[in-house]
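Protein chains: 2
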Amino acid sequence: INEAKEISSSDIYRYEANRLGIKIEDEDFAQKLDNQDTLKSFKEKFHFPMVKDVCKCDEQKKNESPVIYMTGNSLGLQPKAIRSELEGYLNDWQRYAVEGHHKGEHPWISIDEEIQESLAQVVGAKPSEVCPMNTLSVNLHVMMSNFYKPTQQRHKIVIEAGAFPSDLYIAESQIRHNGFNPDTSLIKLEPLANEFTISTDRIKSILSEHGESIAMVMIGGVQFFTGQLFDMKEITAFAQSLGAVVGWDLAHAAGNVELQLHDWNVDFACWCSYKYLNSGPGCIGGLFVHERHTREFDSHTDKRLLGWFGNKLANRFKKETIFEAEEGALGFRCSNPSVADCTSLRASLAITNGASIAALRAKSLLLTSYLETLLLSIKGDHSFSIITPRDPTQRGAQLSLHIGGKVSAAKLKVSLLNAGVVCDVRDPNVIRVSPAPLYTSFTDVKNFVNILIKSLSE
Amino acid sequence: INEAKEISSSDIYRYEANRLGIKIEDEDFAQKLDNQDTLKSFKEKFHFPMVKDVCKCDEQKKNESPVIYMTGNSLGLQPKAIRSELEGYLNDWQRYAVEGHHKGEHPWISIDEEIQESLAQVVGAKPSEVCPMNTLSVNLHVMMSNFYKPTQQRHKIVIEAGAFPSDLYIAESQIRHNGFNPDTSLIKLEPLANEFTISTDRIKSILSEHGESIAMVMIGGVQFFTGQLFDMKEITAFAQSLGAVVGWDLAHAAGNVELQLHDWNVDFACWCSYKYLNSGPGCIGGLFVHERHTREFDSHTDKRLLGWFGNKLANRFKKETIFEAEEGALGFRCSNPSVADCTSLRASLAITNGASIAALRAKSLLLTSYLETLLLSIKGDHSFSIITPRDPTQRGAQLSLHIGGKVSAAKLKVSLLNAGVVCDVRDPNVIRVSPAPLYTSFTDVKNFVNILIKSLSE
Ligand SMILES: Cc1ncc(COP(=O)(O)O)c(C=O)c1O
Ligand SMILES: Cc1ncc(COP(=O)(O)O)c(C=O)c1O
Numbered sequence: 009i010n011e012a013k014e015i016s017s018s019d020i021y022r023y024e025a026n027r028l029g030i031k032i033e034d035e036d037f038a039q040k041l042d043n044q045d046t047l048k049s050f051k052e053k054f055h056f057p058m059v060k061d062v063c064k065c066d067e068q069k070k071n072e073s074p075v076i077y078m079t080g081n082s083l084g085l086q087p088k089a090i091r092s093e094l095e096g097y098l099n100d101w102q103r104y105a106v107e108g109h110h111k112g113e114h115p116w117i118s119i120d121e122e123i124q125e126s127l128a129q130v131v132g133a134k135p136s137e138v139c140p141m142n143t144l145s146v147n148l149h150v151m152m153s154n155f156y157k158p159t160q161q162r163h164k165i166v167i168e169a170g171a172f173p174s175d176l177y178i179a180e181s182q183i184r185h186n187g188f189n190p191d192t193s194l195i196k197l198e199p200l201a202n203e204f205t206i207s208t209d210r211i212k213s214i215l216s217e218h219g220e221s222i223a224m225v226m227i228g229g230v231q232f233f234t235g236q237l238f239d240m241k242e243i244t245a246f247a248q249s250l251g252a253v254v255g256w257d258l259a260h261a262a263g264n265v266e267l268q269l270h271d272w273n274v275d276f277a278c279w280c281s282y283k284y285l286n287s288g289p290g291c292i293g294g295l296f297v298h299e300r301h302t303r304e305f306d307s308h309t310d311k312r313l314l315g316w317f318g319n320k321l322a323n324r325f326k327k328e329t330i331f332e333a334e335e336g337a338l339g340f341r342c343s344n345p346s347v348a349d350c351t352s353l354r355a356s357l358a359i360t361n362g363a364s365i366a367a368l369r370a371k372s373l374l375l376t377s378y379l380e381t382l383l384l385s386i387k388g389d390h391s392f393s394i395i396t397p398r399d400p401t402q403r404g405a406q407l408s409l410h411i412g413g414k415v416s417a418a419k420l421k422v423s424l425l426n427a428g429v430v431c432d433v434r435d436p437n438v439i440r441v442s443p444a445p446l447y448t449s450f451t452d453v454k455n456f457v458n459i460l461i462k463s464l465s466e
Numbered sequence: 009i010n011e012a013k014e015i016s017s018s019d020i021y022r023y024e025a026n027r028l029g030i031k032i033e034d035e036d037f038a039q040k041l042d043n044q045d046t047l048k049s050f051k052e053k054f055h056f057p058m059v060k061d062v063c064k065c066d067e068q069k070k071n072e073s074p075v076i077y078m079t080g081n082s083l084g085l086q087p088k089a090i091r092s093e094l095e096g097y098l099n100d101w102q103r104y105a106v107e108g109h110h111k112g113e114h115p116w117i118s119i120d121e122e123i124q125e126s127l128a129q130v131v132g133a134k135p136s137e138v139c140p141m142n143t144l145s146v147n148l149h150v151m152m153s154n155f156y157k158p159t160q161q162r163h164k165i166v167i168e169a170g171a172f173p174s175d176l177y178i179a180e181s182q183i184r185h186n187g188f189n190p191d192t193s194l195i196k197l198e199p200l201a202n203e204f205t206i207s208t209d210r211i212k213s214i215l216s217e218h219g220e221s222i223a224m225v226m227i228g229g230v231q232f233f234t235g236q237l238f239d240m241k242e243i244t245a246f247a248q249s250l251g252a253v254v255g256w257d258l259a260h261a262a263g264n265v266e267l268q269l270h271d272w273n274v275d276f277a278c279w280c281s282y283k284y285l286n287s288g289p290g291c292i293g294g295l296f297v298h299e300r301h302t303r304e305f306d307s308h309t310d311k312r313l314l315g316w317f318g319n320k321l322a323n324r325f326k327k328e329t330i331f332e333a334e335e336g337a338l339g340f341r342c343s344n345p346s347v348a349d350c351t352s353l354r355a356s357l358a359i360t361n362g363a364s365i366a367a368l369r370a371k372s373l374l375l376t377s378y379l380e381t382l383l384l385s386i387k388g389d390h391s392f393s394i395i396t397p398r399d400p401t402q403r404g405a406q407l408s409l410h411i412g413g414k415v416s417a418a419k420l421k422v423s424l425l426n427a428g429v430v431c432d433v434r435d436p437n438v439i440r441v442s443p444a445p446l447y448t449s450f451t452d453v454k455n456f457v458n459i460l461i462k463s464l465s466e
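As you go down the protein sequences, you meet chains A and B in turn. Those letters in the first sequence? Residues 9 to 466, by the numbering used here. Those letters in the second sequence? Residues 9 to 466, by the numbering used here.
Hints listed in this document are in silico derivations from the structure and should not be mistaken for laboratory results. Keep in mind that a hint or two might mislead.
Repeated chains share a single entry, so a pair holds when one copy, or any two copies, can fit it.
[Claimed, not checked] BS3-like cross-link-like pairs, simulated, lysine-lysine; straight-line CA separation at most 27 Å:
no.	residue 1	residue 2
1	K196	K421
2	K196	K311
3	K419	K111
4	K111	K88
5	K69	K53
6	K327	K64
7	K311	K157
8	K421	K69
9	K326	K241
10	K320	K421
11	K419	K320
12	K111	K60
13	K64	K196
14	K70	K421
15	K326	K64
16	K111	K70
If we strip away everything but chain A, and leave its shape as in the complex, we get (with noise of 0.2 Å):
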């Protein structure tokens, strides 16, 4: 399989096939792939909504089936592990009140930094290097004041033309503080005319059209809207060679596909806990800055920042301020975290991690390519294309399927749902479906194609 130049589905799911010994023509083929599926336990470790509930017609209320959830790219599942540990946030927050800093199980004044170690293994850097704190936003914030010094020589970020709005708000928000004009400052990287995905090859032209003028470069890991995983190791390392800084938004990637920022030497990274990380919704964001950048800080020099919680806990409470940064990611603190939003990541992490990034990717890589081969094999005149690329190494779990002929995006979210299955809806008129592979079964994918051949058809 790795001697493919290009590997497509097919390919990944024949060889798995052939590796299980299960026959592709199998009427149970689904049910055996689940048989063999060593994460397939994980599924019970979550709550799933029922039909009735999140149904929109009259039919459908009595049905207390799961549905189908192929939205963990937006909103994950809640782990039922996160009720318990919220009780025992709540049951040291009133057995112990403000004494609760330094007592209990967990104690508030390092309940951040009691997870840097599961979320190092989740984004593939050392426990300093990241530290849940804020939100996704404001994380790209924090990050762009610090590591964005435009000069009239370099003064430039390049960003996706189709990236999430927040951040081309938050680019030219940034330009302009810093006095630039984004019309001049901010390079879209645009796809090719009538494409949806952008290839490294274009990216690197872009890149080096600009060359020395850029100072950031500031790319979505997987797409949110195609789903497109971009190949970070090579763009961080070209867009350095021009001597640039490389931040990632892992908002779609992070608990989604392997990551290894400490090794492919990426300056910064922020992400949110709460789609593939399942951590609950505006739950703690996560933010990771390379250690070559944090090893000596100079209040005088450093532009980040600062609050007291980036402070070393020795300073922290005392009279004089003298602001030494704490090591790593932790001194990018501005407050003190919630502690109830750390506690909810913490035990979703603890789901992620044990399940293992490597396992997760490897199911998803087989699942999304069994979704994408049944996709294919629809029959009949039903007008939609998978704008995802084809190649499994460049995206995740999510397919984007844009919606053609007449049928409205809008409306098939909503006979979806009907028919018991969650996925959700883009402008323009397209359909994200995202088998995440912590609580999606292959059964699952099959049901969901079923139903869709079905909706597509009323």
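Using the hints, position chain B with the ligands against chain A.
Chain B with the ligands in isolation, oriented as in the chain A frame:
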């Protein structure tokens, strides 16, 4: 009572005793005050730690009586209602998953907007002027990034010399970010020699001295260390008359004293919610921006740090990246907020507003005056002095006791803990004592003073 030039504790407390027909000399004076306390039922709404869980000695390891909690200025007690509200949040996430953004009793898409009205009541604002978001130090950066626009003529930030360290770091880094030097641009309000507090007159005279070189004044409304309540109305008006922007750090003021941010014409304010607002450790902060600053938004000149959640809801999920700021404070959001934290805050604000800030402040004036009167009447050689202003209108709930002689405040704190009292210690040798009116009785105050006397003589 209104005629007195400076009101003293004993004035308040004699006046109240008289009004209530209670003799100060009565043995059961505290009990009688408690009986007449219209807020007494609120104590039941909170969880109190038991002595056995916080003490540091063996003798008390079975003592299941509740502590006397004097640390509401640091971390408020847990409202019992938060548990069921958080369960409601978990139920919604379990039941609806991503559809919870638009379903359930508290749809997440407006989970923060739902709290604007309650927050507005607490700080004396219009609902559109306030919003829960981020955390305190982060919000100070968000506000300073927007409002600090230094020029060669006007570049100074005025702050207390003894400000909470985070505020000093924030001001320093904002000054450096704008290419100025804290040595010349940061003006620190110093008390007179041998004094802890600083008068309005002195503040005004320092402000006058720096006149039109002042770009911003940023002070803690209630001083975290001394407990001094500043005359926010007067200082705001005076500094604005010099052309400065005025922001307040209300960490120790929100939920503690009466605020009229709108009427006082304050430019901006930020606070945390885990102290007198009892929302839990590290819970989401709050932000006020006066409506006159947000009537028009021009993305090309406005300095706010943009993020998608500040964009109008109608634009937020569109592919076109049109940024039109949401009305008022909402337009300063960057990220979608933590639903767990907004839920906790909603539950705790309901209690505060159930009591009403006016009633809380009325009780607090009496409660802290009673505390002060008892402390001042301690006989014998107990060397401590109260560094908080004697005038009740110049302080909130907290009294700070500077412990003199050979007694160490840190050791005193432990003796107090072992005797069932929680209070906190700050460098140098100060004990902060804060009878939060929501859950502290007059009897608690009386018992506290008796325990203090005993601990001091150990
Ligand atoms: C006056 C004051 N300002 C700022 C802060 C920092 O708060 P946070 O950690 O929520 O940013 C505190 C925290 O106690 C405070 O008391
Ligand atoms: C790629 C990407 N970037 C940024 C964001 C903004 O996240 P937040 O609201 O947590 O700042 C999102 C949210 O979905 C996202 O998908």
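Now for the hints, and whether the structure bears them out:
In the homo-oligomer, the alpha carbons of K196 and K421 never lie at most 27 Å apart, since the shortest distance is 31 Å inside one protomer and 59 Å across protomers. With identical chains, the CA atoms of K196 and K311 are at most 27 Å apart both within one copy (25 Å) and between copies (22 Å). Taking CA atoms no more than 27 Å apart as the test, K419 paired with K111 passes between copies only; the shortest distance there is 18 Å, against 52 Å inside one copy. Within a single copy, K111 and K88 get their C-alpha atoms as close as 25 Å, and across copies as close as 20 Å, so both meet the 27 Å cut-off.
Proximity of K69 to K53 under the C-alpha cut-off of 27 Å is restricted to the intra-copy arrangement: shortest distance 25 Å within a copy versus 38 Å between copies. In this homomeric assembly, K327 and K64 come within 27 Å of each other (Cα to Cα) only across copies, at 26 Å, whereas the closest approach inside a single copy is 59 Å. With identical chains, the CA atoms of K311 and K157 are at most 27 Å apart both within one copy (9 Å) and between copies (17 Å). When the C-alpha separation of K421 and K69 is checked against a cutoff of 27 Å, the pair qualifies only within one copy, where the shortest distance is 17 Å, while the shortest distance between copies is 59 Å.
For a Cα distance limit of 27 Å, the shortest separation of K326 from K241 qualifies neither inside one copy, at 43 Å, nor across copies, at 31 Å. Within a single copy, K320 and K421 get their C-alpha atoms only as close as 50 Å, which misses the 27 Å cut-off; across copies the closest is 24 Å, which meets it. In this assembly of identical chains, K419 and K320 lie within 27 Å of each other by CA distance solely across copies; the values are 24 Å between and 54 Å within a copy. For the identical chains of this complex, K111 and K60 are inter-copy neighbours only, at 13 Å across copies versus 43 Å inside a copy, given an alpha-carbon limit of 27 Å.
For the homomeric pair K64 and K196, neither the shortest alpha-carbon distance inside one copy (39 Å) nor that between copies (60 Å) is at most 27 Å. For the identical chains of this complex, K70 and K421 are intra-copy neighbours only, at 20 Å inside a copy versus 59 Å across copies, given an alpha-carbon limit of 27 Å. For the identical chains of this complex, K326 and K64 are inter-copy neighbours only, at 23 Å across copies versus 57 Å inside a copy, given an alpha-carbon limit of 27 Å. In this assembly of identical chains, the alpha carbons of K111 and K70 lie at most 27 Å apart only when taken from different copies (18 Å versus 46 Å within one copy).
Going down the numbered hints, you'll see the structure goes against 1, 9, 13, while the others check out.
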